[in-house]
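Enquirer: Chains as they are written, first to last, in numbering that gives the first Met the number 0: chain C, 0 to 402; chain S, 0 to 371.
Among the hints, a few may not be true.
To be verified - List of simulated lysine to any residue pairs, SDA-like, C-alpha gap at most 25 Å: (1) C:Lys386 <-> C:Trp235; (2) C:Lys386 <-> S:Val62; (3) C:Lys184 <-> C:Gly311; (4) S:Lys253 <-> C:Ala364; (5) S:Lys253 <-> C:Thr370; (6) S:Lys253 <-> C:Asp373; (7) C:Lys386 <-> S:His270; (8) C:Lys386 <-> S:Ser264; (9) C:Lys386 <-> C:Arg141; (10) C:Lys386 <-> S:Thr257; (11) S:Lys253 <-> C:Arg141; (12) C:Lys184 <-> C:Ala138.
Quick caveat, the hints were computed from the structure, so don't treat them as lab data.
If you're wondering where the values come from, they're calculated on a predicted model, not measured in any experiment.
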Amino acid sequence: MNLDYTPEQLAYREEVRAWVDANRADAPALHGQWTDTAWIAGRRAWQGALADGGYAGVTWPQEWGGQGRSPVDQVIVDEELVRGGVPNILDYIGLGMLGPCIMAHGTSEQKQRYIGPMLHGDEIWCQMFSEPAAGSDLAALRTSAKAQDDGTFVLDGQKVWTTNAQFAEFGLCLARTNPDVVKHKGLTMFVVPMDTPGVSVVGLEQISGDAEFNEVFLDGVVLGPEHVVGEVDGGWACALTVLMNERLSIGRDVTGFRMDVDRFPPPIAADAHARRDPEVRHRLGDASVDLLAVRFNGLRALTALQQGQVPGPEAGLAKLTMVEAATRAADLVVDVLGPSALDPTSEWYHVVSYLPGFRSAGGTAEIVRNTVGDRVLGLPPEPRSDKGVPFSQTRSDGAVEAR
Amino acid sequence: MNLDLTDEQRLLRGSARDLLAGRGTIAAAREAITDPTKLPDLWSVAGEMGWAGLLVSEDHDGVGLSAFDAMLVFTELGRVLASVPLLGHLTASVLADRADGALAAVLADGTRRAAFVAARPPGDVVDGWTVERETGTGRVPAPVLAADGTLTGATAWVPDAPGADVLIVAATREDGSPVVVVVEAGDASVREERTYDATRSVGHLTFDHSSARELDGLGAGDLAGAWYLAQSLLAAEALGAVETALEMAVTYAKDRMTFGRQIGSYQAVKHQLVDVLKARENAYSLIVYAGLAHQDLPEELALAASAARAGAGKALDLASRTCIAVHGGIGATWEHDAPLIFRRAQISRRLLGGTDDATDRVAERVLAGATT
Chain C
0 MNLDYTPEQL AYREEVRAWV DANRADAPAL HGQWTDTAWI AGRRAWQGAL
50 ADGGYAGVTW PQEWGGQGRS PVDQVIVDEE LVRGGVPNIL DYIGLGMLGP
100 CIMAHGTSEQ KQRYIGPMLH GDEIWCQMFS EPAAGSDLAA LRTSAKAQDD
150 GTFVLDGQKV WTTNAQFAEF GLCLARTNPD VVKHKGLTMF VVPMDTPGVS
200 VVGLEQISGD AEFNEVFLDG VVLGPEHVVG EVDGGWACAL TVLMNERLSI
250 GRDVTGFRMD VDRFPPPIAA DAHARRDPEV RHRLGDASVD LLAVRFNGLR
300 ALTALQQGQV PGPEAGLAKL TMVEAATRAA DLVVDVLGPS ALDPTSEWYH
350 VVSYLPGFRS AGGTAEIVRN TVGDRVLGLP PEPRSDKGVP FSQTRSDGAV
400 EAR
Chain S
0 MNLDLTDEQR LLRGSARDLL AGRGTIAAAR EAITDPTKLP DLWSVAGEMG
50 WAGLLVSEDH DGVGLSAFDA MLVFTELGRV LASVPLLGHL TASVLADRAD
100 GALAAVLADG TRRAAFVAAR PPGDVVDGWT VERETGTGRV PAPVLAADGT
150 LTGATAWVPD APGADVLIVA ATREDGSPVV VVVEAGDASV REERTYDATR
200 SVGHLTFDHS SARELDGLGA GDLAGAWYLA QSLLAAEALG AVETALEMAV
250 TYAKDRMTFG RQIGSYQAVK HQLVDVLKAR ENAYSLIVYA GLAHQDLPEE
300 LALAASAARA GAGKALDLAS RTCIAVHGGI GATWEHDAPL IFRRAQISRR
350 LLGGTDDATD RVAERVLAGA TT
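Chain C on its own, in the form it takes in the complex (with noise of 0.2 Å):
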């Protein structure tokens, strides 16, 4: 047991910081509005940089532009950019979900089409899959995709919770194309130019008044047969290994909202008479040992993909962990420091605002509890009533009458 790392392996943190230390001046601002234009045109140009360097990509095939190299090396690469105060990769969806799906289960002018200019930042990329009423419950979705007697589709409905939707080239986007066969079985996967005729995408303001998110509108949007990933009703598959590649994605720190257990004890280190405060004291201290014991999850779970097993839906558990443990630390932070801690110029006010929402993200706490006590613990799944029944048979909130 040992956090050692391999020579090959420090020489390449040496190689990885090397290059930061010569890039940094082109780097732009770690944190901006999801909004800003140019903020986003820095992000995207960082990117690109990124992926010249060969710090894009770094687990990806070589085939693919990616370096082929192990989870620790992506893990060096996420802490030096951290360490130089940069910013990461802006598509970590494309390259960290998307792509890997694309590479799974497209066509080969697919991946000549779209891996390249995904891995460089040119073409964003955004994951159209929940909807208003289909979350948690994604094979229930309502975008419907009609083949045409020309062998285009047409796709109407709306999807949300779309992050990068504002500016992505490109949207993977699970619709359904036979409602006549049980939910999951007739969902196909497309990709859909954001620019095409009958797209629109709406902010969605979180509380902190960013927009991280967006409702993505599809009314009447013709799409030709080349836009289908994988097969046609097979679109389920391609969904799980976008889920699995999230699962992978568990633990990296892409987005730059660091929940770790150092962020904390800052504000209260500061305040002589907090940090004496027996209180204050038990609930950062309580607060701590989970955050700490989300930093250990994350090491084992690194073991684990380093000996290439692929991560089980257990590895959601260290997000519940994470997001309760930090909301009950940055309530702490907030006691200590007052109100004006929620005041917008306030690191605090993000932080704060973030939390609540971040609960649900990637799947909210209940579906993870469910999927980790039917998949881990063997629990018997809870009755569906809509098991087996086509989906042109359930209600349009998705109820199935009675029997």
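For this one, chain C is given, so just place chain S on it according to the hints.
Expert: Using the frame of chain C, we list chain S on its own:
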């Protein structure tokens, strides 16, 4: 980087599990509530398995394994609620190993049994080395070694003190500086306390000008290391009991039917069990951290061991209560094993400063880290 167990560690864990299986330790834990003589004697087993000398160097006839290895054994002990006085013995043996080879050697083969009489290392709020009182939350100064070589003072709630042959005591000199002394058990007053957890041997110690021998060359670092070793072992032991409680509750939730389906299919039950698994995963991660700290990160030992203690303690509280809750009323009766784990949790969380003190230590360390 690799946080997996080595093949040797898997073997050690497996052999401990095999050896403890089928010894009826859980049934004995119940019988011992009314009749303490029902506890099986596992000390001879510990001697045969080399556990008594697990942390004594090979130079002194021990096995020379790591703190993390000992923690693996403790998880197996905790899993079956085994009553064996290794917590006091192993921590004492580490101190003997550093200063008194002859003593270490007789501890290593189990011919003599030791107990460590711990003191809490000074902190940023409470200065000085302190020990438990019999009642109340306040702590009192550790026993004092007088210039004439005798020890005076009292330490309450000392694990594994009853029946120990020799006591290795965290004490201070009259000027408050820490010192490690050896006291023959016959030279101290040891009053056994029968506790809520019948598997846990605990005693209240009084020294009244007791004859004491200083272990030369040991200081604050050694005493603090022994304290954090004890915290780590308690954490590891709690983890084992958490795993038993979870397994028991999951099995029942798959079996028991209400309203035509298994209770484990209800989210209200399932989510409680997942929360225990989450606490278990967190506790194990922290135990790995503590193991690494003992081995490679001495400057993080106080943080890591305290976090492990607090995290595993939290997990055991949750696991033992959830296990009872999932079983319903029967889970709260003597018919069932669940209350035995609950009894374990109730005493464990209050030993050696308790989980609350460990939590405070975590706060102290992260605040200190933020200041420098």
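Enquirer: Each hint needs a verdict: does it hold in this structure or not?
Expert: Each hint, compared with the structure:
no.	hint	verdict
1	C:Lys386 <-> C:Trp235	16 Å, holds
2	C:Lys386 <-> S:Val62	58 Å, violated
3	C:Lys184 <-> C:Gly311	23 Å, holds
4	S:Lys253 <-> C:Ala364	22 Å, holds
5	S:Lys253 <-> C:Thr370	16 Å, holds
6	S:Lys253 <-> C:Asp373	11 Å, holds
7	C:Lys386 <-> S:His270	22 Å, holds
8	C:Lys386 <-> S:Ser264	15 Å, holds
9	C:Lys386 <-> C:Arg141	17 Å, holds
10	C:Lys386 <-> S:Thr257	21 Å, holds
11	S:Lys253 <-> C:Arg141	34 Å, violated
12	C:Lys184 <-> C:Ala138	9 Å, holds
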